[in-house]
Amino acid sequence: MKISLREQYWNLSILGLVIILTVWRSNQLPVFGSYEIKTIILGIIPIALLAMGQSLIIIGGGINLAIGAEAILINCITAKYSEGSDFALSLRWALIGIVISVIVGAITGWIISQSGIADIVVTLATSFVLIGFALFIQPGPGGGVNLDFAKYFMGGEDSYIAPLLVLFLPILLIWLPLQRSRLGISFYAIGSSKDAAFLSGVNVARTRVSLYAVGGLFAGLCGVSLTAITQAASPFAVISNTATLNSVAAAVLGGVALAGGVGDLFGPALASLVLYYIPTIMLGYGIDPAYSQIIQGALTILVVLVGGLLRARGKR
Amino acid sequence: MKLKINRSIIALWIILALTFLVTGLVDSYFFSIPSIGITLQLAAPLGLLAAGQTIVMLTGGIDLSLAMIATGAAYIVSVKSESGLFISLAYALIFCVVVGAVNGIAVGVFGVNPLIMTLSMSAILIGVFTVGVSTFLRGSSRMPDLLITASSGLILDPITWPLIIWIIVGGFVHFSLTRTGFGRVIYAIGDNAKAARLAGVKVWQVQIAAYVSCAILGGMAGIMLGGQSGAVAISLANSYLLPSVAAVVIGGTSIMGGMGSYSGSVMGALILSVLSYLLATLNSSEAFKQLVYGGIVLALAWVYSSISERK
Chain U
1 MKISLREQYW
11 NLSILGLVII
21 LTVWRSNQLP
31 VFGSYEIKTI
41 ILGIIPIALL
51 AMGQSLIIIG
61 GGINLAIGAE
71 AILINCITAK
81 YSEGSDFALS
91 LRWALIGIVI
101 SVIVGAITGW
111 IISQSGIADI
121 VVTLATSFVL
131 IGFALFIQPG
141 PGGGVNLDFA
151 KYFMGGEDSY
161 IAPLLVLFLP
171 ILLIWLPLQR
181 SRLGISFYAI
191 GSSKDAAFLS
201 GVNVARTRVS
211 LYAVGGLFAG
221 LCGVSLTAIT
231 QAASPFAVIS
241 NTATLNSVAA
251 AVLGGVALAG
261 GVGDLFGPAL
271 ASLVLYYIPT
281 IMLGYGIDPA
291 YSQIIQGALT
301 ILVVLVGGLL
311 RARGKR
Chain S
1 MKLKINRSII
11 ALWIILALTF
21 LVTGLVDSYF
31 FSIPSIGITL
41 QLAAPLGLLA
51 AGQTIVMLTG
61 GIDLSLAMIA
71 TGAAYIVSVK
81 SESGLFISLA
91 YALIFCVVVG
101 AVNGIAVGVF
111 GVNPLIMTLS
121 MSAILIGVFT
131 VGVSTFLRGS
141 SRMPDLLITA
151 SSGLILDPIT
161 WPLIIWIIVG
171 GFVHFSLTRT
181 GFGRVIYAIG
191 DNAKAARLAG
201 VKVWQVQIAA
211 YVSCAILGGM
221 AGIMLGGQSG
231 AVAISLANSY
241 LLPSVAAVVI
251 GGTSIMGGMG
261 SYSGSVMGAL
271 ILSVLSYLLA
281 TLNSSEAFKQ
291 LVYGGIVLAL
301 AWVYSSISER
311 K
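Line by line, the protein sequences are chains U and S. In terms of our numbering, the first sequence opens at residue 1 and continues consecutively. In terms of our numbering, the second sequence opens at residue 1 and continues consecutively.
Hints in this document: simulated from the structure, not taken from any laboratory. Keep in mind that a hint or two might mislead.
To be verified - List time: in silico DSS-like cross-link candidates among lysine-lysine, alpha-carbon distance up to 25 Å:
#1 S/LYS289 with U/LYS80
#2 U/LYS194 with S/LYS194
#3 U/LYS194 with U/LYS80
Computed from a predicted model, the values in this text were never measured in an experiment.
My request is simple: use the sequences and hints to build the entire structure.
Next comes the structure, spelled out in structure tokens:
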């Protein structure tokens, strides 16, 4: 109970930071209306969805360094086959993409639990395989999507309702029921101690496969939202690596403990706003966006450091 | 224990021999002395990166900033080479020591998770060098001739200067890990940091030393890669990050630390180098290469872990 209270403090301080940054950003813009809010939400949707997937996997005691590649693969698949298609076909490919992503996630989890190789090594290797597949499907930047389909993500001219739903529906429809379900609880269980979970009757191997599959579900949603928002795909390792790094940073900023078993998905979703604001605000001042990468890296280290110190203090 | 080590090393030799044979069957030119020389020459920087990664992974850590450290060191040497070779090398050395020390202090003193620390460090370095290219590190990124010779010069087929450097540096790493007190405490803290601390080892000092030596080895590898390509781009060593980890894992070093050896990593580096020669001769698309490379790395790691687990 005490721990959860501290988590709330953490989320509240992130919320405070988000509010400060929002005010800062809104002062940079001549008008701050619904169109600007929509732009911000569209900017964070991919980061937030990927961060949620990564956070879930970290909560379950793993880490997926291929999650960015997974999203880029789905981005490439959906953008390639939805180009110039009608609404129904775009929707069908979006669903196929998400299913593929879940399968990819499940295979990753299966390899990890069957081989006994560390998560880092397996996912570092699968990130190469997935980018290879993405390059196969979409050798260079390109692709497209049905515009009516994209509208369900982008919303109308000034309305930010649709993007807001895209952002919150996964939390409401996937995470909240999951967190209360047997499966969700066993994610936390294998995250805090595999042995203890095993001894209390959790099938660790199967849970891990589900863990990575649900992570893949979020990565797939991220890939589809990328297709809908950018209406294109670019199969580059640089993009997927940055996306993976962002997802880990958002998870850490959002109060998910790297040791596993602690955290939820609200914090990381909030934290992805911080990651979105840093480069955007700097760009607003005309500063080279490369600096934002430095700040983001430093911020991640700082957060892990402070988090570690707090935990060490709490133990004493 | 003895039996297990022998089994693993035999398995590695068999895998190396198999990849060697398959490559030779696909491309008959591979069995010639010059192409073996080239393969060994290209294996040398990977071998040095794997040396750094081995040291860190033996302590139970990992260095995902290694590729950026390598690129950074090469970039500094090439841009600063106008002010003299030794001065430019000194700059690169300072860079490696500083980055390694920051990694080591964060991990050893502040207990930051090594994965996050080095991943973030990598992001920071990418940012610093992207900015640096147009500001404080502006200039020609051509490598000095002496370093080009040292990274690709032929002595006597198939022996090249980088191979000699790899043998000397690698031999030193192997000696340090197996025969010195430093090596012993590296294994000790990787096996059980708490026990090592109670036995009087200053764990944080060892960790700083490990990350600094890793960074220096990475810098050497980067300079060698830069010398082999002639000029340095900001993405120079990017593609070597997975191989550096993979060589160590295939070579039997546990990612949890405390178990493994540099000789295993050398075998891993050789296997991966022959493999990339094979993929290069297949004349296939980049997509196919990435796919096969990732797949084979995974398969090798799996085969290896199942062989060594059984006994």
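Within a Cα-Cα threshold of 25 Å, do U/LYS194 and S/LYS194 meet the stated pairing? Holds, because 21 Å separates the two Cα atoms, which is no more than 25 Å.
Check whether the Cα positions of S/LYS289 and U/LYS80 lie no farther apart than 25 Å. 21 Å, holds
Mind checking the alpha carbons of U/LYS194 and U/LYS80 for me, to see if they're no more than 25 Å apart? Between U/LYS194 and U/LYS80 the Cα gap is close to 41 Å, so the pair fails against 25 Å, i.e. violated.
Taken one by one, the earlier hints fail for this structure only at number 3.
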